[in-house]
Each structure stands twice: as C-alpha cells, then as structure tokens.
Amino acid sequence: MLETLGLLANGFTVVFEPQNLMLIIAGCALGIFIGAMPGLGSVNGVAILLPLTFLVPPTGAIIFLAAIYYGAMYGGAISSIMLGIPGASTAVATTFDGRPLAKQGMADKALTAAAVASFVGGSISVVLFTFFAPPLAHVALVFGAPEEFALMLLAFATFVGLGGDDLFKTLFSISIGLVLSAVGFDIISGEPRLVLWDITGFLHGINFLILAIGIYGIGEMLWTVEEHRLGGGKSMLSDATVTVKRTLANLRELMTTWKSIVMGSFLGYFVGILPAAGATPGSLMAYGIAKQISKNPEKFGHGALEGVCAPEAANNAASTGSMLPMLTLGIPGSPTTAILLGGMVIWGLEPGPRLFVDHSEFVWGLIASLYAANLFSVLINVAFIPVFIRILKTPFTILAPIIFILCLIGGYAPTQSMHDVWLMVIFGIVGYLMRKLDYPMAPAVLAIVLGPLAEPALRQSLIISDGSFSIFFTRTYSGPIMVAALIFLFLPLIKIGYVKLRKQFA
Amino acid sequence: MSVRTAELLMAMMMGVFSIYLMFKSYELPVGWIEGEGPGGGAWPFWLSLVMLLSCLGIIFNWIRKVGPIATSDKVYVRADVLTEVGAVAISLIVTVALFSIIGIYGALPLFLIFYVRFLGGHSWMLTSALAIIIPVSIFFFFEVTLKIILPKGYTEPLFIPLYKMFF
Numbered sequence: 001m002l003e004t005l006g007l008l009a010n011g012f013t014v015v016f017e018p019q020n021l022m023l024i025i026a027g028c029a030l031g032i033f034i035g036a037m038p039g040l041g042s043v044n045g046v047a048i049l050l051p052l053t054f055l056v057p058p059t060g061a062i063i064f065l066a067a068i069y070y071g072a073m074y075g076g077a078i079s080s081i082m083l084g085i086p087g088a089s090t091a092v093a094t095t096f097d098g099r100p101l102a103k104q105g106m107a108d109k110a111l112t113a114a115a116v117a118s119f120v121g122g123s124i125s126v127v128l129f130t131f132f133a134p135p136l137a138h139v140a141l142v143f144g145a146p147e148e149f150a151l152m153l154l155a156f157a158t159f160v161g162l163g164g165d166d167l168f169k170t171l172f173s174i175s176i177g178l179v180l181s182a183v184g185f186d187i188i189s190g191e192p193r194l195v196l197w198d199i200t201g202f203l204h205g206i207n208f209l210i211l212a213i214g215i216y217g218i219g220e221m222l223w224t225v226e227e228h229r230l231g232g233g234k235s236m237l238s239d240a241t242v243t244v245k246r247t248l249a250n251l252r253e254l255m256t257t258w259k260s261i262v263m264g265s266f267l268g269y270f271v272g273i274l275p276a277a278g279a280t281p282g283s284l285m286a287y288g289i290a291k292q293i294s295k296n297p298e299k300f301g302h303g304a305l306e307g308v309c310a311p312e313a314a315n316n317a318a319s320t321g322s323m324l325p326m327l328t329l330g331i332p333g334s335p336t337t338a339i340l341l342g343g344m345v346i347w348g349l350e351p352g353p354r355l356f357v358d359h360s361e362f363v364w365g366l367i368a369s370l371y372a373a374n375l376f377s378v379l380i381n382v383a384f385i386p387v388f389i390r391i392l393k394t395p396f397t398i399l400a401p402i403i404f405i406l407c408l409i410g411g412y413a414p415t416q417s418m419h420d421v422w423l424m425v426i427f428g429i430v431g432y433l434m435r436k437l438d439y440p441m442a443p444a445v446l447a448i449v450l451g452p453l454a455e456p457a458l459r460q461s462l463i464i465s466d467g468s469f470s471i472f473f474t475r476t477y478s479g480p481i482m483v484a485a486l487i488f489l490f491l492p493l494i495k496i497g498y499v500k501l502r503k504q505f506a
Numbered sequence: 507m508s509v510r511t512a513e514l515l516m517a518m519m520m521g522v523f524s525i526y527l528m529f530k531s532y533e534l535p536v537g538w539i540e541g542e543g544p545g546g547g548a549w550p551f552w553l554s555l556v557m558l559l560s561c562l563g564i565i566f567n568w569i570r571k572v573g574p575i576a577t578s579d580k581v582y583v584r585a586d587v588l589t590e591v592g593a594v595a596i597s598l599i600v601t602v603a604l605f606s607i608i609g610i611y612g613a614l615p616l617f618l619i620f621y622v623r624f625l626g627g628h629s630w631m632l633t634s635a636l637a638i639i640i641p642v643s644i645f646f647f648f649e650v651t652l653k654i655i656l657p658k659g660y661t662e663p664l665f666i667p668l669y670k671m672f673f
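Heads up: the sequence lines are chains P and Z, in that order.
For the first sequence, our numbering begins at 1 and goes up steadily by one.
For the second sequence, our numbering begins at 507 and goes up steadily by one.
These are calculated hints, taken from the structure and not from any lab test.
Incorrect hints may have been included.
Calculated cross-link-like contacts (lysine-lysine; reagent style DSSO-like; alpha-carbon spacing at most 27 angstroms) [unchecked claim]:
1) P:Lys-500 with Z:Lys-571
2) Z:Lys-580 with P:Lys-436
3) P:Lys-259 with P:Lys-299
4) P:Lys-259 with P:Lys-295
5) P:Lys-103 with P:Lys-259
6) Z:Lys-571 with P:Lys-436
7) P:Lys-245 with P:Lys-259
8) P:Lys-299 with P:Lys-495
9) Z:Lys-571 with P:Lys-495
10) Z:Lys-580 with P:Lys-503
Derived coverage of chain P by chain Z (criterion: at least 3 residues anywhere in the stretch with Cβ under 8 angstroms from a Cβ of chain Z; other residues may be distant) [what the hints assert, rightly or not]:
11) 72-84
12) 448-460
If you want the ones that stay clear, here's a sample from chain Z, every Cβ over 12 angstroms from chain P, calculated [unchecked claim]:
13) Val-572
14) Pro-667
15) Tyr-669
16) Phe-672
For each residue, glycine too, the CB sits at the ideal point set by N, CA and C.
Bound-form chain Z, shown alone (with noise of 0.2 angstroms):
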C-alpha cells in the first residue's frame, strides 16, 4: 500500500469516528438553553464538526494531489518493517489479554522471553534472568513501595501469602 492510499484510508476512516461522534454528542442538547447557556453536547458537537471538516479539507488536498503525502508513492509499511513492528504490536496486545488472565507477573515474563529472545536473539542466560529481575522488581517498586496492586487474574490466590508479609 503506498502512503497516498494510506492518506486516503486514514481520512476517511477518522472522517467516519467524526461522524459517529456527532451522533453521539447530540444525546445532550447542543443548543442554547435558556438560563444554562450552551448544551452538554455542544462542545463535543461543534469541534467533531471540526474533525469532520479537517478530513474533508485532507480528502480535498489528496484529491487535488496536493503536499508531499497526498503525492507520495513509497510504500506506507515496508514488509520486513510490518513484520518487525506487527510482532511487537501484537504481542503487547497478548500480554495485555494476559494480564486479565495468568496475571501481570505470568504475562511480563512471557513478554520478555518473547522479545529479548526471539526478536533480540539474545543468549538464554540474559533472557532469564531480565524475565526474573524485572517482574520481581516491579513487584516490590509497585505493589510493595507504591501499594498499587496490579491485576493478576486467576493466579491471585498465589499471592495472598505474600500480602501477608508485606502489608
């Protein structure tokens, strides 16, 4: 896909957010109110309004070919590119699904063996011990110093022993 397509695509895939969130901040009346003054809604109304607008004037330049990414022909993600910035992409969208399920300290291991292993081809003595140092780390930084319990789905009861010690 080159960059001009990809223009093309993004305004008018925001165009439509914009659109959608009209409709939604005309819920709340966006008129004047006698007394209140502005509506609720008014705000957000008139600056999607705005939003829409701004994509409109994109469509108009990328019609017209003008500025350097309405003419741009390069390719918007080389493929080896995609490939690299997909997998860190989707493995932090796995590690977040797994944050709810096998808890923080079960996903962010995962997460480092993934990364530090596989896409830094690192040695396995490095891996283990950062996919160690750091969960532990966080754990006495976070949960321990600043008392922010982080989720850890079903593998809460795990840790009821060490609440215990800490708190």
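In isolation and in its complexed conformation, chain P is listed as follows (with noise of 0.2 angstroms):
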C-alpha cells in the first residue's frame, strides 16, 4: 500500500515535467475534440494520431495517447447532447436522455451532469486501477507462455461469448487478423511466409497501424460519408445557455443523482476489463441498471438526468478499465489499448507483466497522467464548453478532407513505404464494405496486435509438452484460464441448447 503510494508519488514528478504536462493538456483538448466529432471516438484518434508520437519518448507519447482516449470519453457527450448524434459510440447512451434534456432547453444541465460524472467515474477507476494494478502485475510474474497464450485466447473467447455480433463473423475477424499478422517472416526458422501473390513490400509483413488505420479511419470516415447522405448532411445543433447561477443550480441538482454514478463507475469499471465489452456495453448497461433503480424510471428517456450521469460515468471508467489488463497481462481491454499496446511495441517496450519491473518509470507516470487527465477533462470541457459546441458547426465536408489526408501520412510515416498506404487505403475501403455487413471490426485489430505474440507463446509451450495440449489444462494458473475461454467459445452453443431445452419443456 505505502509502497503504491510512494510509486504513485515518484509517476507525478514524471508528470509535472512541463514536457508531459503540455502533452497532457494538448491530448485532453484534441480527445475531447475528437470524441465531439460525430463519427470519430477515441480509437480513432489514437489510431490516426499514433504515428505522429515519434517525436517523444515514449512515456511521453503514451501520456499524450492516454489523455486523448480519456478526453475522448468526456467529449463523446457533447454530440450526442448537443446534436442527438453520438459523438462516438461510447456515447450512444447520452444520446437516450442528454438529447431530450437539450430539446427541453436544459442542454447545459446535460452537458454539467455529463462531464461531473465523467470526472467521478474517472476518479473511482483510477483509484481503483492504482490498486489492482500492482497485485495483478505481481501474480503475472510467474507466468509463462503457456500462461499468455491461455490469456489471449480468453480475451478473443470473449468476443465469441460476449461480443453479440454474429458467430461465424467474429471467428472471421479474429482469424484473418491473426492470419495477417503471420505475414512477412516466420520468427522461429526465420523463412520468408506468407508473401501474398509474391509482393515484396509484403516481406516486412503488415504493421497493425495499417490495418487500424485502414478500418479506424478510412474506412470509419467512408462509413461516416454515407451516414452523414442518408442524413441529408444537415443536423439540429441544440443551443446551450452558460451562466454561473444555472451552472450552481445544476450541481445541487446532481447530488441527487449521486447514487446511479457511483454504480455507473463500478460497473463500467469491471465491464471494461473485459476484452470484448468496454466502453459502449458498459454504459449501455449502466443506464439500464440506472433505470431499474431509479425512483422515477418512468422519466427515463425523456430527459432524466441518471440517464445522462450512469453511462457518463460508466464509459469513463470503463476507458481505465481496459487499461488494467493492457498494463498488467499484455492484453488490451479494448480496440483503442490494443492501437496502445501495439505502439508500446514500436517504442521497444515488451508488454506484459515484466514492465511493471522493468519500466516502473513508464507504468507510474501513465498511471498518474490518468489522474492528472482526469481532472483537466473536466477543467478544459467545463471552461469551454461553448467553444466545443462552436467546433460543432464546422462543416463535415472541411473536416473529412483533413482527416483523410492524416491518415495517408499517417500510414505512410511509420514504415515510409508507398506499399503500406496501398495496402491501408484497400484494407479501408474492403473494411467498410464489411461493415455494412455487420462483420465485426475490433477482433481483427485486437488479433493483428496480439497475434505476433500469440504465437510464439503457442509454440514454445508445445515445445515445452513436445506437442501436447494438455501443458494448458494441468499448470496452476493457465488451467483455469483455459477453461474460462472455453467457456467463453462454447457460450453461443450453450445458449442454443438452452432455448432449445427450454422449448421442449415449455
């Protein structure tokens, strides 16, 4: 415990340094930027603006990419507030309450109860995150590959039993990701593999920030440009009355909302952890919780103000959830760790357990930059609300452009090889396309990330059995791990033999 603090205490001189705490206040206005941005979240954002953290060392950069994926959260109200639209997906449950609040005239009410509860949500998981975190690193310590291959097909089980997207899609995502990060050398006989249809460009294989930035923002905008048609491109920006009297008069009003907050963060909290759930189930879950037990459940979806506080608090602790088995195991609890993760590695830092150890200075100052976003989310989204809401009105067809271009440079940067932006350009392009088909897109990011790691830890634990499966089932810790993915992976079937049963005896 006094150890954690001490620790803690040593991560804010990292933060202080006035190098990351610009970096922090910058990444804080750009995330809540982004996340305003209908159509862009903040896996998005960190996707397209990873290539650009080159610049810092990577403390720093992961500093920065924290506070836009936090700041993200915070912003993602304003839309669904502001316009009725969400600002990301993370947001769709703001939309259920925050809107009709602002049709009622009560859009700066929303916006307060959205960024208090951002802020308390984001408190509660931090402290939270700063406790966990360091008896989870411990007890990864001992684990062995058997161990991190057990854990990652865990967190792609729970795509298949949690994710609710079709079976047979998932399986897809999850396997063509992993197939593609198998291309350019074999790492064990160091033979060339996989260079598809004898391209050379394909013997460097495929950075995952091609492929993330492919589906996260070509294809997201693509997506975007056709929702934003069948919109007709015009949209209803809801206005906002600022002053300090209504702003006091919303604050006493919030206390009573205190209970559905606190819920929301705990509950977003936990579903974050969880590879296939984060932000946007856990506060689809938390307002749904929130209506169960308010005492008025009837003014739910007409403007309730736990409408807008539950999935506020929710997704922002949701954000830190999924950074606890990022930093702890090595696996992302989201699409956007997972664009973490994979920057880790290009910063030469080996995920896992081990960094806990090793790169203390790294763990601790990201830790501490939470809380310090935290609060300036709060700060930068309270004190300017009005001019987020102005950024609002730029018309999409300046901002699509700008965006688009980022992304070519930023498919180009990392391997400055004309063959990657082909290659991002086509995997955006066949990514909307999927989409439209419901094929769902965060298992193939999640696996081209982790897939480089899967599988030498799948073959050195085969070699450790000399080709027995069992070396999974019969260790300490990937037993039962094992067995929970299997659970997972069998969820599906186990739920059609239970309607199934269940018709017979009705």
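Since each chain comes alone in its own frame, lean on the hints to assemble the complex.
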C-alpha cells in the first residue's frame, strides 16, 4: 500500500515535467474535440495520431495518447447532447436522455451532468486501477508461455461469447487478423512466409497500424460519408445557455443522482476490463441498471438526469478499466488499448507484467497521468463548452479531407513505404464494405496486435510439452484461464441448447 | 444489389481468399518437426482453415435464411450514396497514385480542391486557403520537425533548396 503510494508519487514527478504536462493538456483538448466529432471516437483518434508521437519519448507518447482516450470519453457526450448524434459509439446511451434534456432547453444541465459524472467515474476507476494493478502484475510475473497463450485465447473467446455479433463473422474477424499478423517472416525458422502474390512489400510484414488506420481511419470516414448522406447532411444543433447561476443550480441537482454515478463507475470499470465488452456495452448496461434502481423510471427517455450520469460515469470508468489488463498482462481491454499496446511494441517496450519491474517510470507515469488527464478533461470541458459547440458547426466536408490526409500520411510515416499506403487504402475500402454486412472489426485489430505475441507463446508451450495440448490445462494458472476461455467460446452453443431445452419443456 | 446478395458474394470472396492463404501457408511445413515444434506454416495454415470454415458457416446461415443480414432485402449501397462514397474512394486512390508521380505536395492540393470545392461546394477563397495552408503545415510538421521525408515523385529536385535551408 505504502509502496504503491510511493511509486505513484514518483509517477507524478514524471507527469509534472513541463513537456508531459503540456502533452496531457493538448491530448485532453484534442481528445474532447475528437470525441465530440460525430463519427470519430477514441480509437480513431489514437490510431490516426499514433504515428505523430514518434517525436517524443515513449512515456510522453503514451501519456499523450491516454489523454486523448480520456478526453474522447468526455467529448462524446457533447455531440450526443447537442446534436442527438453520438460523438462516439461509447456515448450512444448518453443520447437517450441527454437529447431530450437539450430539446427542453436544458442542454447546459445535461452537459454539466455529463462532465461531472465523467469526472467521478474517472476518479473512482483510477483509484481502483492504482490498487488493483500492482498485485495483478505481481501474480502475472510467474506466467510463462502457456499462461500467456491462455490469456490471449481468453481475450478472443470473450468476443465470441460476449461480443453479441454473428458467431461466424466474429471467428472470421479474429482469424483473419491473426493470419495477417503472420505475414512476413517466420520468427522461429527465419524463412519468408505468406508473401502474398509474391509482392516483396509483404516481406516486412503488415504493420498493425496499417490495418488500424485503414479500418478506423479510412473505413470509418467512408462510413461517416454515407451516414452524412443518408442523414441529408443537416443536423439540428441545440442552444445552450451557460451562466454561473444556472451551473450552480445544476450542480446542486446533480447531488441527487450520486447513486447512479457511483453504480456506473464501478460497473463501467469491471466491464471495461473484459476485452470484448468495454465502454460502449458498459455505458448501455449502466443506463439499464440506472433505470431499474431509479425512483421514477418512467422519466427515462424523456430527460432523466440519471440517464445521462450513469452511462457517462461508466464509459470513463471503462476506459480506465481497459488499461488494467493492457498494462499488467499485455492483453488489451479494448480496441483503443490494443493500438496503445501495438505502440508500446514500436517504442521498444515489451508488454506484460515485466513492465512494472523493468519500466516502472513508464507505468507509474502513465497511471499518474490518468489522474491528471481526468482533472484537466473536466476543467477544459466545463470551461470551453461554448467553444466545442462552435467547433461542432465546422462543415463535415472541410473536416473529412483533413482527416483523410492525416490517415494517408499516418500510414506512410511508420515504414515510409508506398506499399503500406496502398494496403491501408485497400483495408479501408474492404473494411467499409464488410462493416456494412455487420462483420465486427475490433477483433481483427486486436488479433493483428496480439498475433505476433500469441504465436510464439503457443509454439513455445508446445515445444515444452512435446506437442501435447494438455500443458494448457495442467498448470496452476493456465488451467482455470483455459477453462474460462472454453466456456466463453462455447457460450453461443450453450445458449442455443438452453433455448431448445426450454422449448421442449415449455 | 440487395444486402442478402452482398452477404453471399462477400462470404464467397473471403472463402476463396482463405483457400489462397492456406495454399500460401503450405509453402512452409505445417506439421510437427522433431525437436523444433510446429512448422512455420502451421499457425497461419490452421487459422486460414478457421477463416474458411467461418465463411462456410456464413454461407450455411445464408442458405437457411438465418440472421438479420442474410434475410435483408434492403439495397446494399444506395445509388446516391454509391456516387458520393465512390467519388471519395476513387479520389483517395488517385491521390495515392499521384504521390509517386507529382509527389505529396502536388497531390494533396488537388485532393483538397476536389473535396472542398466540388464535393463540399465551399467558396474558392476557402478552398485555396486550405489547399495552401494544409500542405505547408504538413511540410513543417512532418519533414522539418519529425524528420519524416514524404514521397515527392518527380518533384524531388524542387525541394533540394528547401532541404538545404532546414536540415
């Protein structure tokens, strides 16, 4: 406990270096902006901007990206409330009651509620994070190759069991990501592998950023172009009156919703830890529970303040929660943290529990930066609400080409090869076409990041056991993890069986 | 084309791609090598097989007419949407192709003029301002600050004086 506090204090000394402090503030502001733009969320922002962080040392880079992640959770609420369009998928639940409040002329109340709930959610989850992470990392220190592989299988299994998407499409998405990650060289024998159509550009493999920017940059923007077209290109911006007197009254009213905020924070945090769940389902679940525990559930959907607070607390808490497995186990808890994990590999840090031992400054700097990012996000958010509302008026046809250009350069920068830019454009277009058919994209991005870690873990395990898969089940830690993974994998089948049984006896 | 037809076509295309990946993986040993463990092709080979089986699963559901996508008779891409998304996609492809010929500083202004002026319908004033300011800021941010040299195609010689000034 005391040791943790000491390490945290060290982390704060990293955060208070002027350069890092500036990066946090810039990241929060940029994150709020990205979150507020319809169609762009934390994952898009982090994917598109990761190539820009090569300028600063790894600690600064991850602090900056984490601040974007954090800020985006705040920003998502702004367009949910003002436009009725979720600024990011994580803010979908915020539209349910935030939009009606705005239509009743109480946009400022909804915005304040969202900011304060986000702050509480963020604070509770960061404290939980600080005290959960070190013991978990400590346990994970004894993990060998079989445990690592079992954990990664568990991460993918949660997509099958909890993702809620079509079973076959989820499996397809996971395996194509893993196969694409195998392109290039076989790491053990050193032979060229899967050089597609014998194009030499594939010899250096497929960088995860190419897939991530392709899908979350270009694909997402094409998707937004379509949404924009279908929506007729017009949106209704509500008015917000912000005065000190009204804000104080709003804050007093907020006190009555503390129960749903605290519930949302804890729920969001624990849902966020699961790879397939994360902030979007976390906030939807929090909304549902807030409605159930509310004294007047009939107000939900017509402008209930709890309906804004619970999901906003949950999505911030979930974004912190998803960092827990990323930092301690090397398993990302969300697509955004998958990209952060890929970034860590680029910066030369090996993800996993050894991070806490070998790169203590990096880890604690990041944790401390979450405290700072949370504080700065709420301050920037409250202080500049009118500015962000103005920015929302920027026409999409000006913003879109700028984002496309950032994607193209972002795809070129890491490897400086035109081959990768072409590949990224292809991924973007194919990803867009597949997304229209409900293929889930997050598992593929997670898979291309984890693939290069999962394959050696599997092969080393099998070498230890001389080819027997029983090694995964007989070890203290990998056994239970493996069983949990199998339960998730077979959950869809169990569900079908259960429904059939019930029909027979009904 | 309906969503239902698109579903079948996509599954078939991805199925063929999986078979190609299986063949490609088979260039390396996919079985057990004594003393070395699984061969280098094993991991992608079996995963490509999972891809193929998933595609067959999607097609199986398509035949049984199960699921919202396989039963949807909505239009896959509406004509007006196709025009707009297609225009954006093609302009991106042309821009990338131009990178290697007239370079990024020739291609980006053209892309911006096309997008802002012709797709967005904004004034020439705004269009030309963006077409100048954005490439210039990219030059200073990426090339001068980050030292990432962006592709210039045949316009490379024009930049030599600039390199001399900044590096």
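Going down the list of hints, with the structure as the test:
| no. | hint | in the structure |
| --- | --- | --- |
| 1 | P:Lys-500 with Z:Lys-571 | 19 angstroms, holds |
| 2 | Z:Lys-580 with P:Lys-436 | 12 angstroms, holds |
| 3 | P:Lys-259 with P:Lys-299 | 16 angstroms, holds |
| 4 | P:Lys-259 with P:Lys-295 | 11 angstroms, holds |
| 5 | P:Lys-103 with P:Lys-259 | 25 angstroms, holds |
| 6 | Z:Lys-571 with P:Lys-436 | 18 angstroms, holds |
| 7 | P:Lys-245 with P:Lys-259 | 25 angstroms, holds |
| 8 | P:Lys-299 with P:Lys-495 | 34 angstroms, violated |
| 9 | Z:Lys-571 with P:Lys-495 | 20 angstroms, holds |
| 10 | Z:Lys-580 with P:Lys-503 | 32 angstroms, violated |
| 11 | 72-84 | violated (count 0) |
| 12 | 448-460 | holds (count 4) |
| 13 | Val-572 | 10 angstroms, violated |
| 14 | Pro-667 | 22 angstroms, holds |
| 15 | Tyr-669 | 16 angstroms, holds |
| 16 | Phe-672 | 16 angstroms, holds |
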